[in-house]
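There are 2 protein chains.
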Amino acid sequence: MASPNALTSQDDDFPRWYQDVVAKAEMADNGPVRGTMVIRPYGYAIWERMQNELDARIKAAGAQNAYFPLFIPESYFAREAEHVEGFSPELAVVTHAGGADLTEPIVVRPTSETVIGEFMAKWVQSYRDLPLLLNQWANVVRWELRPRLFLRSSEFLWQEGHTAHASYEEAASYARRIHLETYLDFIVNVMAVPALAGIKPPRERFAGAINSLTCEAMMRDGKALQMSTSHELGQNFARAFGIVFQSEDGQSEVCHTTSWGASTRLVGGLIMAHGDDRGLVVPPRLAPVQAVVIAVREDNDVLDACGSVNAALQRAGVKSVIDRGRGSFGRRVTDWEIKGVPLRVEIGPRDLANQVATIVRRDDGAKVVVGLNDLASTALTLLDEQQAQLLALATTRRDEATTDVETIEDAIAAAQSGFARIEWRHLGESGEDQLNEVAVSVRCLQRPDGTTPQNPDEDNLIAVVAKSY
Amino acid sequence: MASPNALTSQDDDFPRWYQDVVAKAEMADNGPVRGTMVIRPYGYAIWERMQNELDARIKAAGAQNAYFPLFIPESYFAREAEHVEGFSPELAVVTHAGGADLTEPIVVRPTSETVIGEFMAKWVQSYRDLPLLLNQWANVVRWELRPRLFLRSSEFLWQEGHTAHASYEEAASYARRIHLETYLDFIVNVMAVPALAGIKPPRERFAGAINSLTCEAMMRDGKALQMSTSHELGQNFARAFGIVFQSEDGQSEVCHTTSWGASTRLVGGLIMAHGDDRGLVVPPRLAPVQAVVIAVREDNDVLDACGSVNAALQRAGVKSVIDRGRGSFGRRVTDWEIKGVPLRVEIGPRDLANQVATIVRRDDGAKVVVGLNDLASTALTLLDEQQAQLLALATTRRDEATTDVETIEDAIAAAQSGFARIEWRHLGESGEDQLNEVAVSVRCLQRPDGTTPQNPDEDNLIAVVAKSY
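Those protein sequences? They're chains W and F, same order as listed.
According to our numbering, the first sequence is numbered sequentially starting from 338.
According to our numbering, the second sequence is numbered sequentially starting from 338.
Pairs involving identical chains hold if they fit within one copy or between any two copies, as the list cannot separate such chains.
Subject to a maximum C-alpha distance of 20 Å in a straight line, what follows is the list of computed EDC-like cross-link-like pairs (lysine to aspartate or glutamate): (1) Lys396 - Glu385; (2) Lys459 - Glu363; (3) Lys361 - Asp466; (4) Lys459 - Asp366; (5) Lys560 - Glu774; (6) Lys459 - Asp357; (7) Lys704 - Asp614; (8) Lys560 - Glu737.
Keep in mind the hints are simulated off the structure, nothing from the lab.
Keep in mind it's a predicted model, so treat the numbers as computed, not measured.
Required output: the full structure, derived from the provided sequences and hints.
Here it is, written out as structure tokens:
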């Protein structure tokens, strides 16, 4: 008989497996308004860990947090032509407030380039005010016709960075720094996801950008997920909003701006990059709970020992909790597996008599019997090993599902189950059209060595082609 | 000649002084949509410190963070009669989204009792699921006709806690715990604001509550500011949303719920509780910047010494920065005073020759010349002293501006410049009417010993009466 927590298997129906994990790991629920999302405490704890890690990197890059309004006058969007065209179909509009109809409709922000541009123009006067490096943690709204929890929701949470610089080179260099040192570093070294770093082909850029840098990760079904983007906005928004400065030699010049963001979509990426048929797998460095201590039988001596072990783990710096679950031991084990907690420490009466406990790894199920005195140090080692192992396995899966091809037909064939790499000059926009017709797209352009190009005109660029979320 | 940063004095025009401080300390700006607010990096850094302190206390009280949608179906509000009546005039309504008119209008949340109630009903089945203790950090919208930055803005940031319990007693006890251990503790011991803790008289309760606990602080103009509220919601929302559970003996019972919140209004309270004619005064435990190191003259040896001193302060755990300001030494000193940074460390060539520096306290301007080797330990002592001193001074100001009275006429007279205390049984609702006619109100009811009563029917309660923000 299937356990009440049985998940659909990934091979049977990957989208259904994803829904099952989101529900049964108690990550999120659908909100009452179509496309909105309730993030439950366990899902939110993972998002809080992502926020902490990203926020530290953003501050290390010199940006300061601020907060700009949710409501933007509709007229602001009209000032940048590509921007308004790109976002208009997704906007939610407030027409009534405080008991009266509004004279000018108000847009609920889908992103904040426009309103932040307005204030940058006020705050920037001189070259001494540059660079201006801002970030905000906020909710944004983009109306979704086909919503999926975390991946595409009408409201989502994110950070959006916005910066103004004195020159094209400085702006491009800062966007690249965020792309590599904030996003790619977090995604690879904390999430253990071997994302590809590159730039978007021109037609896939953000509405209003002159260049968009992206981190693209492979999910376990071989599809791509865009994990973060960093945009060079050139002088488009600076001209539209009048972000000008007096240069060192007294000239009036137009700023070069950037914007960059990562969202609760990363939680969806985590689920699909590492999850397996037993549920979520959370890499130790990201996990809000790194170890759970479970009594195999709930007698007082065993519970006391669980308390001591939990305290010892916490003293050693492990984010450890004691299982307070209900139901059978087996059911509780299954629940923690679904939540993807990296280590499970099991203690029973016989273990206690022998002064040992069993540590079970979530990734490969390996069991280690360890003396209670050595337990914390062993746990730390196992967490490090698991972190490295998850990245290594994901890298192997990615590389095995990536094919170098020379024709569009072969690219489309390879994209049915993974990534295809094809020379960008063999593809071009007509090639992109052919791909798009069968729901395949260019995820990013990379240099042959896998690094991020400055622009799509560099020689010998490789297009990474895939189906995507 | 007035310096470019000259502030209006508090005595001349307190509201103007407040606006000046908000602008010149670079705390916030008005947003483009009426009543909205841009929180600038320094204002946001103070809010982040408030968030960190409150969040730690909320988690210590066992509540878990989650996130519920910004958008709530309009029909949800109609389910609790007092709630819809209280909030309808302030709602912002989305009528158009994704390029089409909506069939049911959507409300932008003014508070989340309704949508969280809907999900509590799904998640609570049995007494074992209780208490359910949730919190969220979010933006909310309440349309304001007379907005003031931080104090009354159409959009503000806050945390809102929502809990469900098996009994009236447990709910009341939890609301009281949050009121005292989360809010009052933070306000008194971190913000150094000697707020009064009490309950609201019935007509001042939150829309839908059976009891509202409040922390009320005195501003420097003698007016009151509500710093936080914690509401016992009884079974009103639980009945409206069907939050029911099976009790230990198998009966179906209706939950008792609470909600509690504190917002960016606290930043306004900070400004007005401690600020003086030289600007903001931030208590050391709250300050995002506790010390600034300034070179009296920018020669290389002095700048090197500033770097060493800054590093030593940071190693000692002081949140220290080096001044990177522009303009004259005097101008930079003024700028840091306006921002209310607790300690200013000044180093000049002569100081360096003598291996000393001057530490200047923001609160009373006292200067201490200290050897460079002792500087960090002296700074720590001065920070502790300043924290204690700010609370002591604010307590003295509050007590000196509080008058015990016996008649409504005397209460109104005393409320022109401070708080009046009058026996609640001498006042009653007709007395409240008389107060309200002259813009005075009952801020809270307290026991004679200053503690928070269980309900307004206790004997011998004292009503604290004041003008308020």
